[in-house]
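All chains, please: the whole structure from these sequences, using the hints.
Protein chains in written order, with this note's numbering: chain A, 1 to 158; chain B, 1 to 62.
Hints were generated in silico from the structure; no laboratory data involved.
Treat the hints loosely; a few may be bogus.
Unchecked claim - Residues from chain A that face chain B, not an exhaustive set, calculated with beta carbons under 10 Å: (1) W12; (2) H29; (3) R33; (4) L34; (5) T35; (6) Q36; (7) A80; (8) F119; (9) P129; (10) A138; (11) A148.
As the list claims (entries may be wrong) - Pairwise CB distance ranges, derived in the manner of DEER restraints: (12) A:E107 <-> B:H60: 29 to 37 Å; (13) A:D75 <-> B:R61: 26 to 34 Å; (14) B:G54 <-> A:S127: 48 to 56 Å; (15) B:A53 <-> A:E108: 28 to 36 Å; (16) B:L29 <-> A:A138: 36 to 44 Å; (17) A:L83 <-> B:D19: 32 to 40 Å; (18) A:R142 <-> B:A53: 23 to 31 Å; (19) B:D19 <-> A:S127: 20 to 28 Å; (20) A:T45 <-> B:D10: 35 to 43 Å; (21) A:S90 <-> B:L50: 19 to 27 Å; (22) B:T32 <-> A:L34: 17 to 25 Å; (23) A:R120 <-> B:L24: 24 to 32 Å; (24) B:H60 <-> A:G104: 22 to 30 Å.
Quantities reported herein were computed from a predicted structural model and do not represent experimental measurements.
For glycine and all other residues, C-beta sits at the position ideal for the given N, C-alpha and C.
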Amino acid sequence: MTDFDALLTTLWRHEVAFIVVGGAAAIAHGSARLTQDLDIVYLRTAANLDRLAAALADHKPYLRGVPPGLPFVWDAATLARGLNFTLVTSLGDIDLLGEIPGGGTYEELSAGAVELQVFRMRCLCLSLPQLIRAKRAAGRPRDLEALAELEAIEEEGG
Amino acid sequence: MRDLPRPDPDPVIQAYKKDIDRTLIRENLKLTVEERFRKAMALAQFADELRRAGKEARRHRG
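Shown next as structure tokens:
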């Protein structure tokens, strides 16, 4: 089970610049759908990559779905060489996204994002309209029901 | 080739929307954001426990 409290708190304590997106953002807006992981869009500056690497370093980050034992070095250089990382950690599963379809990068999303006060901290989260735009842009069949729920939340005043 | 503009409202989404349980949404909207996350984590824990119990039952059945 993904410990949203612990994952968000460790990112916040290390002053990582990130935005909650995906299923966790949907939960924040009132979704009743289960999600297995925390998805975040992170700022890709050198300083933020250092903070992100430090934040997860103690939580055994490893690539999700790859055979155990594959060489994987968790550091800022690895983050700089890639963009999106799907990880398993001792706190649960987390997806680190450099950008999302229909939304863009941290810089493009942050102005429209909303600030959440949760677990004794503050963090940015996609607004409901941003989340709906991102789901529409993703255009995946599995997102259709989630999209319908998000639109229903909007209609219910969420 | 450019994608055609999506109809608004999208009939596919409208079809899915009919089956959305709005009572769950209304209950969630009464909660704080933190309560929504805690509820989701409790549900995930419950789902994990059900998966574990199902696996064990299948193992016992042979």
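Quick rundown of the hints versus the structure:
no.: 1; hint: W12; in the structure: violated (14 Å)
no.: 2; hint: H29; in the structure: holds (8 Å)
no.: 3; hint: R33; in the structure: holds (9 Å)
no.: 4; hint: L34; in the structure: holds (6 Å)
no.: 5; hint: T35; in the structure: holds (7 Å)
no.: 6; hint: Q36; in the structure: holds (7 Å)
no.: 7; hint: A80; in the structure: violated (31 Å)
no.: 8; hint: F119; in the structure: holds (6 Å)
no.: 9; hint: P129; in the structure: violated (14 Å)
no.: 10; hint: A138; in the structure: violated (13 Å)
no.: 11; hint: A148; in the structure: holds (4 Å)
no.: 12; hint: A:E107 <-> B:H60: 29 to 37 Å; in the structure: violated (55 Å)
no.: 13; hint: A:D75 <-> B:R61: 26 to 34 Å; in the structure: violated (47 Å)
no.: 14; hint: B:G54 <-> A:S127: 48 to 56 Å; in the structure: violated (38 Å)
no.: 15; hint: B:A53 <-> A:E108: 28 to 36 Å; in the structure: violated (45 Å)
no.: 16; hint: B:L29 <-> A:A138: 36 to 44 Å; in the structure: violated (24 Å)
no.: 17; hint: A:L83 <-> B:D19: 32 to 40 Å; in the structure: holds (35 Å)
no.: 18; hint: A:R142 <-> B:A53: 23 to 31 Å; in the structure: holds (26 Å)
no.: 19; hint: B:D19 <-> A:S127: 20 to 28 Å; in the structure: holds (25 Å)
no.: 20; hint: A:T45 <-> B:D10: 35 to 43 Å; in the structure: holds (37 Å)
no.: 21; hint: A:S90 <-> B:L50: 19 to 27 Å; in the structure: holds (23 Å)
no.: 22; hint: B:T32 <-> A:L34: 17 to 25 Å; in the structure: holds (19 Å)
no.: 23; hint: A:R120 <-> B:L24: 24 to 32 Å; in the structure: holds (27 Å)
no.: 24; hint: B:H60 <-> A:G104: 22 to 30 Å; in the structure: violated (51 Å)
Hints 1, 7, 9, 10, 12, 13, 14, 15, 16 and 24 from the earlier list are contradicted by this structure; the remaining hints agree with it.
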